[in-house]
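S.K.: If you're matching them up, the sequences are chains G, Z and H in order. Using our numbering, read the first sequence as starting at 1 and increasing by one per residue. Using our numbering, read the second sequence as starting at 291 and increasing by one per residue. Using our numbering, read the third sequence as starting at 567 and increasing by one per residue.
These aren't lab readings, by the way, just hints derived from the structure by calculation. Every residue, glycine too, gets a C-beta built ideally from N, C-alpha and C. Check each hint, because a few of them may be wrong.
[Stated by the list, open to error] If you anchor each label on the Cβ, the simulated ranges turn out as follows:
no.	chain 1	residue 1	chain 2	residue 2	range
1	H	THR690	Z	LEU322	49 to 59 Å
2	G	LEU33	Z	ASP357	35 to 45 Å
3	G	PRO63	Z	GLU455	50 to 60 Å
4	Z	ALA488	H	ALA732	35 to 45 Å
5	Z	ILE313	G	HIS207	22 to 32 Å
6	H	ALA732	G	TYR202	34 to 44 Å
7	Z	LEU322	G	GLY143	22 to 32 Å
8	G	PHE22	H	ALA732	50 to 60 Å
9	Z	LYS338	G	GLY143	17 to 27 Å
10	H	SER728	Z	ILE301	42 to 52 Å
11	G	SER6	H	THR857	57 to 67 Å
12	Z	ASP397	H	THR690	50 to 60 Å
[Unchecked claim] With a straight-line cut-off of 20 Å between C-alpha atoms, the simulated EDC-like cross-links for lysine to aspartate or glutamate are:
no.	chain 1	residue 1	chain 2	residue 2
13	H	LYS877	H	ASP829
14	H	LYS667	Z	GLU462
15	H	LYS660	Z	GLU459
16	H	LYS873	H	GLU838
17	G	LYS286	Z	GLU455
18	H	LYS696	Z	GLU459
19	G	LYS11	Z	ASP397
20	G	LYS140	Z	ASP331
21	H	LYS667	H	GLU677
22	Z	LYS472	H	ASP640
23	H	LYS769	H	GLU725
24	G	LYS286	Z	ASP397
25	H	LYS748	H	ASP768
26	H	LYS631	H	ASP594
27	H	LYS660	Z	GLU462
28	H	LYS792	H	GLU892
[Unchecked claim] From chain G, some residues computed to sit far from chain Z (all C-beta separations above 12 Å):
no.	residue
29	PHE60
30	VAL67
31	LEU74
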Amino acid sequence: MSTLHSRRAAKVMLTPSVLLLFAWMVIPLGMTLYFSTLRYNLLMPGATPFVGLENYYWFFNDPAFGVSVFNTLLLVGGVLTITVIGGILLALLLEQPIFGKGIARILVISPFFVMPTVSALVWKNMFFNPVNGLFAYIAKLFGVPPFDFLTHAPMFSVIVIVAWQWLPFATLIFITSLQSLDSDQIEASEIDGAGKLQQFIYIVIPHLTRAMTVIVLIQTIFLLGIFAELLVTTNGGPGVASTNLTFLVYVRSLLQFDVGAGAAGGIVAVVLANIVAFFLIRIIGKNLEA
Amino acid sequence: MARKKSNQYRILITCAAWGVALILSFPIIWTLLTSFKTEIDAIASPPKLFHFNWTIENYFIVQERSDYFHHFWNSVIISIGSTLLALVIALPAAWSMAFIPGRRTKDILMWMLSTKMMPAVGVLIPIYLICKDLGLLDSRLALVVILMLMNLPIVIWMLFTYLKEIPGEILEAARMDGANLKNEILYVLVPMAIPGIASTLLLNVILSWNESFWTLNLTGANSAPLTAFIASYSSPEGLFYAKLSAASIMAIAPILILGWFSQKQLVRGLTFGAVK
Amino acid sequence: MGKIQLQNVTKSFGDTNVIPPLNLEINDGEFAVFVGPSGCGKSTLLRLIAGLEDTTSGHILIDGKDATYMSPSDRGLAMVFQSYALYPHMTVKKNMGFPLKMAGMSPEEIEEKVSAAANTLNLTQYLERKPGQLSGGQRQRVAIGRAIVRQPSAFLFDEPLSNLDAALRVTMRLEISELHQKLKSTMIYVTHDQVEAMTMADKIVVFNSGVIEQVGTPVELYRTPKNLFVAGFIGSPKMNFIQGNEATKRGSSTLGIRPEHIDVSATEGEWEGTVILGEHLGSDTFFYIETEMGAITVRQSGEVAFKSGDKIYLTPLTNMLHHFDEQGTRIP
Numbered sequence: 001m002s003t004l005h006s007r008r009a010a011k012v013m014l015t016p017s018v019l020l021l022f023a024w025m026v027i028p029l030g031m032t033l034y035f036s037t038l039r040y041n042l043l044m045p046g047a048t049p050f051v052g053l054e055n056y057y058w059f060f061n062d063p064a065f066g067v068s069v070f071n072t073l074l075l076v077g078g079v080l081t082i083t084v085i086g087g088i089l090l091a092l093l094l095e096q097p098i099f100g101k102g103i104a105r106i107l108v109i110s111p112f113f114v115m116p117t118v119s120a121l122v123w124k125n126m127f128f129n130p131v132n133g134l135f136a137y138i139a140k141l142f143g144v145p146p147f148d149f150l151t152h153a154p155m156f157s158v159i160v161i162v163a164w165q166w167l168p169f170a171t172l173i174f175i176t177s178l179q180s181l182d183s184d185q186i187e188a189s190e191i192d193g194a195g196k197l198q199q200f201i202y203i204v205i206p207h208l209t210r211a212m213t214v215i216v217l218i219q220t221i222f223l224l225g226i227f228a229e230l231l232v233t234t235n236g237g238p239g240v241a242s243t244n245l246t247f248l249v250y251v252r253s254l255l256q257f258d259v260g261a262g263a264a265g266g267i268v269a270v271v272l273a274n275i276v277a278f279f280l281i282r283i284i285g286k287n288l289e290a
Numbered sequence: 291m292a293r294k295k296s297n298q299y300r301i302l303i304t305c306a307a308w309g310v311a312l313i314l315s316f317p318i319i320w321t322l323l324t325s326f327k328t329e330i331d332a333i334a335s336p337p338k339l340f341h342f343n344w345t346i347e348n349y350f351i352v353q354e355r356s357d358y359f360h361h362f363w364n365s366v367i368i369s370i371g372s373t374l375l376a377l378v379i380a381l382p383a384a385w386s387m388a389f390i391p392g393r394r395t396k397d398i399l400m401w402m403l404s405t406k407m408m409p410a411v412g413v414l415i416p417i418y419l420i421c422k423d424l425g426l427l428d429s430r431l432a433l434v435v436i437l438m439l440m441n442l443p444i445v446i447w448m449l450f451t452y453l454k455e456i457p458g459e460i461l462e463a464a465r466m467d468g469a470n471l472k473n474e475i476l477y478v479l480v481p482m483a484i485p486g487i488a489s490t491l492l493l494n495v496i497l498s499w500n501e502s503f504w505t506l507n508l509t510g511a512n513s514a515p516l517t518a519f520i521a522s523y524s525s526p527e528g529l530f531y532a533k534l535s536a537a538s539i540m541a542i543a544p545i546l547i548l549g550w551f552s553q554k555q556l557v558r559g560l561t562f563g564a565v566k
Numbered sequence: 567m568g569k570i571q572l573q574n575v576t577k578s579f580g581d582t583n584v585i586p587p588l589n590l591e592i593n594d595g596e597f598a599v600f601v602g603p604s605g606c607g608k609s610t611l612l613r614l615i616a617g618l619e620d621t622t623s624g625h626i627l628i629d630g631k632d633a634t635y636m637s638p639s640d641r642g643l644a645m646v647f648q649s650y651a652l653y654p655h656m657t658v659k660k661n662m663g664f665p666l667k668m669a670g671m672s673p674e675e676i677e678e679k680v681s682a683a684a685n686t687l688n689l690t691q692y693l694e695r696k697p698g699q700l701s702g703g704q705r706q707r708v709a710i711g712r713a714i715v716r717q718p719s720a721f722l723f724d725e726p727l728s729n730l731d732a733a734l735r736v737t738m739r740l741e742i743s744e745l746h747q748k749l750k751s752t753m754i755y756v757t758h759d760q761v762e763a764m765t766m767a768d769k770i771v772v773f774n775s776g777v778i779e780q781v782g783t784p785v786e787l788y789r790t791p792k793n794l795f796v797a798g799f800i801g802s803p804k805m806n807f808i809q810g811n812e813a814t815k816r817g818s819s820t821l822g823i824r825p826e827h828i829d830v831s832a833t834e835g836e837w838e839g840t841v842i843l844g845e846h847l848g849s850d851t852f853f854y855i856e857t858e859m860g861a862i863t864v865r866q867s868g869e870v871a872f873k874s875g876d877k878i879y880l881t882p883l884t885n886m887l888h889h890f891d892e893q894g895t896r897i898p
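Isolated chain G (complex conformation):
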């Protein structure tokens, strides 16, 4: 296999993927960018005049926008906190010498593989429902009036659902990371007189920071786009109390058919995601030997 022949062959083999992904990146995104500069509403066919940044202006000044950004950050922040802290604790617990470790792990991992719509509906109806849900029953046991979670604490409820789904992911990654921790290091520290807590602080936590960073970045990318859980439980409500940026764009685009405004919102979401992606790619790049 001469080198020249190989280089050409390599280019040919790469082309379909590169072309497809490039087209996928550029064409729709370009269209979104274009639409965001038009006043374009599907319900009002006819002229779609160029209005420059007007859509962005209206989008930013939309009271719902501020709320949606806040909710997006709240959702991401809340879920990250729960999954990172919970994940570390769970990973440490599951890496202990327990009996039936394999099955315990399977139980812990399961929520991640449940499709989001099912998770959302199960939580909404069987747990959060103020009439028939389990939480309502527990409240009654304590003589407390049942709390309508989805109406009075919509973001909290959604955070619980999403965190429940993503906790296994964080746990699994922390477990993987823990397993790569050199037991030699721990033993050396024991000889040096370190107690369990010190071992945890000075050896385990630093080792886990890489996994932590990766989890934070990767989860953020996915959490920015949480959609199904909102659609199925609160529909973004009451009002816009549980609308995140993704949902807001959905509402503007597919419910109100305001393509211009929706496109502007979409671009904002892309910019946000790119900021996170920038840091994630840097970390991946450092680890990659190609």
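Following the hints, complete the assembly by docking chains Z and H onto the known chain G.
M.R.: Coordinates of chains Z and H only, in the frame set by chain G:
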């Protein structure tokens, strides 16, 4: 690790671990139990854990009423279709990057991964409009293509890592043994790559099956996979918890079981090698 | 069969030249060992001969035919890799039969040849096993078996014993040498271990940064090394090098004397020194001695009783002295 922890400690920690595991998986367990209850039992107060009349009628009712298997079949077609399509396109790309690396290989790989990070909502409008204009709203074909594009970076990435793990010397040995390129691929490379390919397929079928953005926005009664179908249960029509549970269990069971066997692949595929 | 000639062969990776113009002849049936420190280009040269890499310029002739642009399999050579490179998904039988299958032989012929090779290498009982179920030494033999079945004009070995433990290495060394006696094929063997080179080779080629420093039989290299590099590389422990007065008064820039060619005495000798460390193996004794000319290593047969700190007198055997000029080349 020479010292064994005392048995007492092990029992204690086992109880703690199992306790937490059961609590975390409780929603799934509860759903499974409820699927075997009558609707009355499903909302009984106090809730019944095991002592109720077990029935499997819900599973039948769900299938009859709402054409369940049609949507199940849609899920199968969309997830397997998009994954296989991705495989066909990704395998040559991953091959060339693993075995004939150039100066820009790493950059290209990074760029491909970055495309996965683009939020779907950013292209919702154009994709929706394109599908509308092409008459592809509510079509499985559109979803197969779109989900293929969503997963392509991960498929390429995973295949790349698995192919890189094949020692180059073995391929050289094949060449010295007289194998031309076709034979080298057929007799040596593919058999060694099969486990990796299988793992990649597994993970991506799971991801496609559970995809809940495009499947909710681009499908209608005809092409809706299970994700969308279940979402239509969100407006309650009278007593329905037991049926919801049965429908849910049927929707998640295959993927749940596949997921148990794909833990390693999950870490490899979704952390992009940043965690070993 | 099995004569290999390299004519003005060069190899560069990008802008880095790894092998400057090189000429070498290996005769039919010879056991040639390429030896040198890590990174000196010996493995690269082996891969050029095998056809796994392309030469940048120059020609490689196998049995008189220009093989420079031939694919690896057309050259009629077989290679045993450092990591054995066995096909993990095939049984030993299929591994060894693979090259024959690629050559289009009938299953019966393949069966016959594989059995014969397995017999020669004591592998018959392992034929149905997969490489993962074999020990290092057994895998090594399968790799050799896979090479034998092809009845190649020459065998190429790329540091085949590096992954084995010390005892196994000695056993396998003998086996490979016996194989060579039996098959009488050309064998080119790459190693960084000069003991392997000295014990196995008909002809040793000493490499340094892609350049051939010397070609010769083991004894030639031992007795008449052409320059400082070869002198210091061949022989263990290393030859002692002395510069300064002692060298110039004997007419050279650097003086070389092997540890085994120095006589010791507690009372009198040419050079005076103090014993720093002694290694007593029973069969030999090694002393590391500090003298005014620097550190000198001495080897004596049997057990010699000097302790650390003892005064010691050294006398080199005059006819065993090596003389080198300022460029490090041997002065005859």
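S.K.: Need the list of violated hint numbers for this structure, in ascending order.
M.R.: Nothing - there is no hint that the structure violates, so all of them hold.
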